[in-house]
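With the hints as extra help, turn the sequences into a complete structure.
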Amino acid sequence: MGTVELDDLARQRGEWLRGNGPEADIVISSRIRLARNLADFPFISRATEQDRARIEKALREAVLETDGVPKMLYLDVEQLGTVDRQFLVERHLISREHAESQGARAVAIDPDETLSVMINEEDHVRIQVMQSGFDLPSAWERINRVDDLIESQVTFAFHPRLGYLTACPTNVGTGMRVSVMLHLPALVLTRQIDKVFRSLQKISLAVRGLYGEGSQAMGDFYQISNQVTLGKSEEKLIKDVVDIVPQIIKYERTAREFLVKESQENLHDRVSRAYGILRTAQTISSEETMHLLSSVRMGVNLGLIEDLQIPTINELFIHTQPAHLQKISGVELDTADRNIERARYLRRQLNKEAGGPASKN
Amino acid sequence: MKCQKCEKPATFHITELTGGKPVELHLCEEHAREYLTQSGSEQASASSMAAALAHQLAQQMAVGQTAEELAQLDQQACPVCGITFHDFRSQGRLGCPHDYVAFEAQLGPLLLNIHGESEHVGKIPKRCPQGSERRTQVIRLRREMSEAVAEERYERAKELRDEIQRIENSGAA
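Here the protein sequences line up with chains V and B, keeping their order.
For my numbering, count along the first sequence from 1 and bump the result up by 49.
For my numbering, count along the second sequence from 1 and bump the result up by 880.
It should be emphasised that the hints constitute simulated quantities derived from the structure, not laboratory data.
Every residue gets a Cβ at the ideal spot worked out from N, C-alpha and C, and that includes glycine.
None of the hints are false.
Pairs of lysine to aspartate or glutamate, EDC-like flavour, derived with a Cα cap of 20 Å:
id, chain 1, residue 1, chain 2, residue 2
1, B, LYS888, V, GLU171
2, B, LYS888, V, GLU146
3, V, LYS285, B, GLU997
4, B, LYS1006, V, ASP197
5, B, LYS882, V, GLU171
6, B, LYS888, V, GLU149
7, V, LYS288, B, GLU997
8, V, LYS288, V, GLU190
9, V, LYS285, B, GLU999
10, V, LYS120, V, ASP197
11, B, LYS1006, V, GLU284
12, B, LYS882, V, GLU146
13, V, LYS106, B, GLU1048
14, B, LYS1006, V, GLU190
15, B, LYS882, V, GLU149
Covered by chain V, per the in silico footprint, the following chain B stretches (three or more residues, Cβ under 8 Å):
id, stretch
16, 967-978
17, 987-998
18, 1016-1023
Structure (structure tokens):
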């Protein structure tokens, strides 16, 4: 049953890819997650299969029977196939750890994919709200409400001095990770990105790639998030990120202006070639696709490409990932076949969007 | 996640930002220490938050304690879930909420190193704002109950079951 619903998801565009939130040319999405644990069960590393099953049941009931939360799609992650699990990772609905671990575990997803609740990940519950553009305050308002609703039905492990207790001491206190995903191609091109990272570390903010912990910065996407969770209120943790992001946006815009002014021809050439390859290639890897889409995305934002919309490009970044290609084409493909299918998909989407001559391939 | 250099679980997650792009390292304690001590001036300038943190923990564990004292510390176990401090050190994950109480002396400095603070400021749940410690004891009671059953001490098992139910039904107490 889950698979049919997942196929529907594959055809729709997650809210966070809409590309129309505040500062959406540079800020892809704003995300907040809360880590919580039931007070009367061991943390996951010590939980028996029976514990895991009981935790899953208690939280399933709390999440699904909560009034005020839209009807959620509930997936038993343990029962899903490899491609389906990878598909959820690519959509940022579950973590890689959640996809790859074993034992009773699940995820609840709301219809527009802004809210997901992972059950039995590193902690018993990981609530996540992700929205397009730069809008952390409304993400906080939403996730705080969901947390209240779940908490009204279960007792979370909480210590008067240490706050919410988590499996890893790096999350204790608020249990909150606030992150903003930024597209910073001009800072990469002008080799200034290191400088930005160094200044962020000084104020205890972490920088990660597109798929979080352990992932490389594919397609010039970077996630900026808080490093500490204890001793600062949720509002303060949000404010720390909210205060710094406009500065990074400003640096990126300055770098873009510099590129336009100082090397307009080179920039235009780079963007056009990237667009040309994506529209004509016959076989293409995921990495090359990300790299070229990044140039095209900046080109659209700078008005160098006029026949393409940002939401379409945002979607291509996700739809050309391995599991998405396989879900969309409906068959399992090895790497070589995926590269062919990816090129075909890109030609179809980009030539359709551009209204250009229909590709004969 | 496994250590990138051996089969042990990775407990140190280091982000190196010295090169052109950030490089994520996932290492066990032994390899993290090796990485951080041999790295010399190049790494020292990295000032990576995570690297500094791992370094601090390595120091905290080593400073002022003999091997014997460390071994003794490692043997300390949580009365509720049963994990030893050594289990925590090697996995980087705690076993139950009570560990924060059971290992308070060791975790205190670690939390201060990680967060620069030691007291929660922020949201307080409406349910059990005074702490959910009593419910956490259910973990221990369940363990004792299954032991009692295994040893056919059914009277004791029944007492424990009633005790568990009393706590579970106490709701928001």
